[in-house]
Amino acid sequence: MRILLIIFLFLVSCEKLEEVFVEEDLLQRPQAKRCADCHAQIYEEWKESRHYRAWKSENFRRESENYGKVKCLSCHAPHQVDPEKKPVLRAEFREDGVHCVACHFKEETRSMHGPLKVWSPPHPSTQDLDYTKSEFCAGCHRETYKEWKLAKVRKSCQDCHMPSLGKKDLIQKFPFYLFHLAKRRTSHRFPAQKAKPEDIEVHLKGKELILVNVGVPHNLPTADQGDPKLYLIAQILYGDGKKRTLRKLLSPQSKTALQYRVPYHLRIPDGDVKEVRVKIMRKFAWSDEKETLKELTLRTPSP
Amino acid sequence: MRYRALITALAVIAGVSFSAEKVILKKPPESLKKYYPPASKNYEFISAMHTMSTAFYGINLNINEGNWEGAKRWAQELKKTYLKVSKMVPEWKSYFKPQLADNLVKAVSSKNVDRVIGASKKLGQTCAKCHQDNEIAVKLVYHFPSFETIKIEDPVEFMEYKTGKYMEKLTNSMKALKIYLLQGEGDKAQEAGMNFVERARQLRSMCSKCHTNKLSEEVIVGKEFEKALNDLENLLSGDKPDRDRVFKLLGKVGASCTKCHNVHLIPQVVKEAFEK
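Chains W and V supply the protein sequences, listed in that same order.
Using the numbering used here, the letters of the first sequence map in sequence onto residues 102 to 404.
Using the numbering used here, the letters of the second sequence map in sequence onto residues 397 to 672.
Hints in this document: simulated from the structure, not taken from any laboratory.
The reader is advised that the hints may include incorrect statements.
Simulated pairs of lysine-lysine, BS3-like, Cα-Cα distance not exceeding 30 Å [what the hints assert, rightly or not]:
hint, chain 1, residue 1, chain 2, residue 2
1, V, K619, W, K170
2, V, K517, W, K384
3, V, K547, W, K384
4, W, K170, V, K565
5, V, K437, W, K187
6, V, K623, W, K308
7, W, K172, V, K422
8, V, K619, W, K308
9, V, K517, V, K422
10, W, K170, V, K430
Can you build the whole structure from these sequences, using the hints too?
Rendered as structure tokens:
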């Protein structure tokens, strides 16, 4: 270890380090797994994200008619991501979906852009604070971005969908990691998250059941081209023992999703309502599984 | 004068419009598949068509400018592509008359405008015959996306259905609403009507499977459609909904159904027939 350090210091003193350690192919738009040679952890996270599946997704393959619908392809295999710009389709490694090079490499500077100030001998880097802003995601998540803007909240997409992992090494490759300090790391799993029960307020008012999304600062659920859904099931029990079940399918594509802080009204059929059992479930666009978000029983106060 | 005749003759040939007593829709042959996605991404067949059509115009343009050598090169290009295309789809072999392509090259070589017109017309007729028999069907099968692969989730049953089946459910709940109203069965009309409203609202979820621009959606299932559905829902929620008003609102909703059918239904029906 010490010998390495000495060699290293020797190199620093006599040559421009950048030129010694630079790995040319990193600027030739390689596959994501090439970045894993150093950024192993980030790569493992990304591989669990939906961005990794954006091209391979069976749903996407089917709905794009085997990649035949040309206008569908660019956001699922982008060439370069720029804030608020719809990307163009990439020529190489489309199966990588939304990958490292697309999000970080810029033709203009021929370097890796990112949120940090780093010293990265293998490839040039450029600090770029756009990476911490919602606008970065807006070229593809266009509808969600519009909804988020209307919500006027402070938190960015990244705050919730690239949560901080605390300070960690950006690279795992020996010996390079020895020369770098741990830095702020953000989750490249891009978790979709799950609304908490308190994010959705539910109450009875007169003849109506009212739902309000008070916690998720975009539609619940939200989408551009996917078709995620919320299932609302209300079982109503009347004084005379009669029962009725109301079902609602709420989705962004049918324009029935729960907008942020905009109450959703469900009319309850007339009668002497005793109690209402409410269950709310969600389903992601890419999954068949329904998960429960909230379950509660409301009773009408006795007069 | 002569040149003018040439231009018109060639213009007719290079285009693909035709007039006819009947329009034929024949199922495209199996072997055409390999020139379209998913089998191929290069659209080899239609590219060859563009090459031939450009070559025809190349002959025309050069003769007009007195450049017979240039015209000859395009005639040779046309012949070469014509021969190539004649081998692409064996089922269509009999549409091609290679001799006529050769005659056109010879006519251009002779620098005789009348011969060029004659030879062009003859060759052009072989193009036109095949287009009349096949072009529309090919366009529908290979250029129009399919509704067959699209599923809509039924908001009443929470089950997914293909487009055709969904339309049936949607229509049946509309018919049930009308029938119960006419029979004076209020509760049943209300339930059927609510199902219809929910099903109609869910129609919009199909659009994003083919369209990436929300404006396309607005044109057909936009504000007016939403309003008609909301009004219908409110009307049905009250007791004893006014029958005439319900029918009037159904008419408004129906205008959107018709618009969407006008744009999408015919291609889909033809495609489906061929796919069966």
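Quick rundown of the hints versus the structure:
{"no.": "1", "hint": "K619/V - K170/W", "in the structure": "holds, 28 Å"}
{"no.": "2", "hint": "K517/V - K384/W", "in the structure": "violated, 61 Å"}
{"no.": "3", "hint": "K547/V - K384/W", "in the structure": "holds, 15 Å"}
{"no.": "4", "hint": "K170/W - K565/V", "in the structure": "holds, 28 Å"}
{"no.": "5", "hint": "K437/V - K187/W", "in the structure": "holds, 23 Å"}
{"no.": "6", "hint": "K623/V - K308/W", "in the structure": "holds, 22 Å"}
{"no.": "7", "hint": "K172/W - K422/V", "in the structure": "holds, 29 Å"}
{"no.": "8", "hint": "K619/V - K308/W", "in the structure": "holds, 26 Å"}
{"no.": "9", "hint": "K517/V - K422/V", "in the structure": "holds, 25 Å"}
{"no.": "10", "hint": "K170/W - K430/V", "in the structure": "holds, 17 Å"}
When each numbered hint is compared with the structure, a violation occurs for hint 2 only.
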